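Colleague: Sequence:
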Amino acid sequence: MLVGNEGFETAVTLRATISFLSRINGHEIALSVSIGGARIDPDEDGRPNLFQRADTAIY
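The numbering used here numbers the first residue of the sequence shown as 271 and each following residue consecutively.
All clues stand as given, with none of them false.
Label pairs and their calculated CB-CB ranges:
(1) I288 with D313: 32 to 40 Å
(2) R323 with E298: 32 to 40 Å
(3) R285 with F321: 16 to 24 Å
(4) G274 with G296: 42 to 50 Å
(5) S302 with Q322: 22 to 30 Å
(6) R309 with R285: 14 to 22 Å
(7) T326 with G296: 32 to 40 Å
(8) L272 with E314: 16 to 24 Å
(9) R317 with R293: 36 to 44 Å
(10) R323 with E279: 17 to 25 Å
The hints are simulated quantities; they were obtained by calculation from the structure and are not laboratory data.
Keep in mind it's a predicted model, so treat the numbers as computed, not measured.
Even for Gly, the Cβ is constructed at its ideal location relative to N, Cα and C.
Given only the sequences and the hints, what does the whole structure look like? Please build it.
Modeller: Here's what the structure looks like:
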């Protein structure tokens, strides 16, 4: 379990690690990922809402 801003910091580190530039057939292509995060709310019904909030956070 991540505490405080650790989730955000972990997402930033993962994105920087996974993202890179590549050259394919003479064309430069930037590859990256989107990461959405959400906190567990003990008053909600668990995973379905958690995943929905994480998916929404991506956009």
